[in-house]
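Undergrad: Line order of the protein sequences matches chains A and B.
To convert, note that position 96 of the first sequence is 96 in my numbering; the numbers rise steadily by one, no gaps.
Numbering-wise, my numbering comes out as the position in the second sequence, counting from 1, plus 1000.
Hints should not be assumed to be uniformly reliable.
[Claimed, not checked] Here are the simulated BS3-like cross-link-like pairs (lysine-lysine), alpha carbons at most 30 Å apart as the crow flies: (1) A:Lys191 to A:Lys7; (2) A:Lys155 to B:Lys1161; (3) B:Lys1242 to A:Lys25; (4) A:Lys188 to B:Lys1169; (5) A:Lys341 to B:Lys1242.
[Claimed, not checked] A short, non-exhaustive set of chain A residues, derived as facing chain B with CB atoms under 7 Å: (6) Asn60; (7) Val102; (8) Glu338.
Derived by calculation from the structure, the hints in this document are not laboratory data.
From a predicted model like this one, the values you see are computed outputs, not experimental measurements.
Every residue, glycine too, gets a C-beta built ideally from N, C-alpha and C.
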Amino acid sequence: MDLKGKKVTLHDMCLRDGMHAKQHKISLDEMVAVAKGLDDAGMPMIEVTHGDGLGGASVNYGFPAHSDEEYLKAVCGAVKNAKISALLLPGIGTVDHLKMAVDCGVTTIRVATHCTEADVSEQHIQMAAEMGLDTVGFLMMAHMIEPEEILEQAKLMESYGANCIYCTDSAGFMLPDDVASRISLLRKELKPETELGFHAHHNLSLGVWNSLVAVENGANRIDGSVAGLGAGAGNTPLEVFTAVADRMGVQHGIDLYKIMDVAEEIVTPIMDQPIRIDRDALVLGYAGVYSSFLLFAQRASKKYGVSSRDILVELGRRRTVGGQEDMIEDLALDMAKEQGKL
Amino acid sequence: MAEKIKAAIIGPGNIGTDLLIKALRSEYIEPVWMVGVVPDSPGLARAQELGLKTTADGVDGMLPTMKEDGVQICFDATSAYVHAENSRKVNELGAVMIDLTPAAIGPFCVPPVNLKAAVDAQAMNVNMVTCGGQATIPMVAAVSRVQKVTYGEIVATVSSKSAGPGTRKNIDEFTRTTANGIQTVGGADKGKAIIVINPAEPPLIMRDTIHCLTEDEPDQDAIRKSVDEMIVEVQKYVPGYKLKNGPVFDGKRVSIFMEVEGLGDFLPKYAGNLDIMTAAGLRTAEMYAQEIQAGRFEPKPVAA
């Protein structure tokens, strides 16, 4: 694979996707420390939001230690060069949240929908584009549909005003060919000025490799998180990606040793559990399940005495999508009843 | 039996057509007009076949003869953006507006919770909140009538096929209006609404999860009883309204897992979200109709 001279913009997810792994309880001091470390290492973009995006604070997804507003203000005020982004899932957050985030200093809005439901993002993408923001359409669970179908949805988001489209492997299910076919088709058919991004989960240990494949096929933005802090087995570990990209001659703009230090000294110490491919995270990737379901399934398993693997496999079989966390307890109750445990 | 009260349906889409089929069975309501904006729309053609007067010129196409046709109740099944104009025009001619859009310019009505109060107030515009609101607010109210609910949150999961272009374009209005209804009708101090759209095939039946946080320890027996009673009330007009699991009690959290299957009149059974809207809208109109028949309420023109 020849990526020599290609330019990528890395986007760190520790303070958004990592919120899932921390049950949304990262402290303000921790956020600021991570953001400063990343900023100093040359990370161009950092996402800061509740794991489920703006307005995600809820019984269903978990209440965060602080509000989106408090987090965003703290981080935006602490960085010198990095641009701060916020995630917004229509159906959870609204344009009111979007405006709040912009008031806090956010310059990139990423509007995320399930890969078949792009048309719910029209209000939000239009407004973000009108406000002159870097506006990203973020198609989640992109493994669930064919490349041609993804393209159709991407074109909708592009038509609303998105200047960048993400193909998001929320379940960490995609194989390298799945990435290549999707990204290459988007690159061929979308406007040449529309940027392309790829967001991985490391559930099958393919985060780094799939991200390289995405770059090879025309993506120029790559999500990941330092030390992998993210849902499931985490996101593409960015210090690893940076080292590989460095050896392949990709232009990434990151200070490798500094980002290694952030991973080792700032991010790893705040983890509640090691971010690794444990049995349940592997099941996410194998069965194509939304990565943030991991801890919910483990908690339901403990509470109702049913196997977390069985819960996750069944959620995959039912083709659940991001946001359906409420199904997990409901399903665990059904399974416990069936097994005579309730 | 008193003469039925004549009604018009604005919006010949899925909701309007399902409402029409239900209204044709009503003992109190007689649908006489179907109003659309697209001349060759299948909904208008169907209404015409069923013997209704139709127009493709919007509400303006009906207004000139609305009074002589005896229309006293209108249903708006269009979108939040055009609702205010529609409502103003029919109110001016003395017809009550039942609003099935999330515009929410009139007071909310969730039949098993506040139908009587809403009708007694004799409002000329009454709003049906949202599909998610109709499916979940009765459960919030079932808990809040037992004890104080400081926070009510609902998650409505609907199939892609049942989420029409109106809902999709106005998804923020859905979350805002539903959250507002959780507070004002459901009785929670603070409300939050989440909607998830799932494209799985075959389409999933509408699912609703209701989470309440109570101020004090939940009175489990009283809440169970209240929830069961409320379900019976909703089942009077939506027989497929079912408790799947719960109430689950976890500290001060009370979680209720519901499934809503529709009647399958015009919309498929999985679209319980749409069915519960049309059924609630019709039930509200029937209550108004009974008040009109009994001479307790006379809709009067509202000056613009």
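Undergrad: With the threshold set at 30 Å, check whether the alpha-carbon distance from Lys155 of chain A to Lys1161 of chain B stays at or below it.
TA: Given pair Lys155 of chain A, Lys1161 of chain B holds - Cα atoms ~20 Å apart, limit 30 Å.
Undergrad: Does the interface hint hold: is Glu338 of chain A within less than 7 Å of chain B, judged Cβ to Cβ?
TA: 12 Å, violated
Undergrad: Taking 7 Å as the limit, does the beta-carbon of Asn60 of chain A come near enough to a beta-carbon in chain B?
TA: Interface hint status for Asn60 of chain A: holds (5 Å vs cutoff 7 Å).
Undergrad: Assess, step by step, whether the Cα of Lys341 of chain A is no farther than 30 Å from the Cα of Lys1242 of chain B, and give holds or violated.
TA: 22 Å, holds
Undergrad: Can the hint on Val102 of chain A be confirmed by a CB-to-CB distance to chain B that is less than 7 Å?
TA: 16 Å, violated
Undergrad: Taking 30 Å as the top limit, are the C-alpha atoms of Lys1242 of chain B and Lys25 of chain A close enough?
TA: It is violated: about 35 Å lies between the C-alpha atoms, which goes past 30 Å.
Undergrad: Check whether the Cα positions of Lys188 of chain A and Lys1169 of chain B lie no farther apart than 30 Å.
TA: 28 Å, holds
Undergrad: Next pair to validate is Lys191 of chain A with Lys7 of chain A; report whether the Cα-Cα distance is within 30 Å.
TA: 19 Å, holds
Hints 3, 7, 8 from the list above are not met by this structure, while the remaining hints are.
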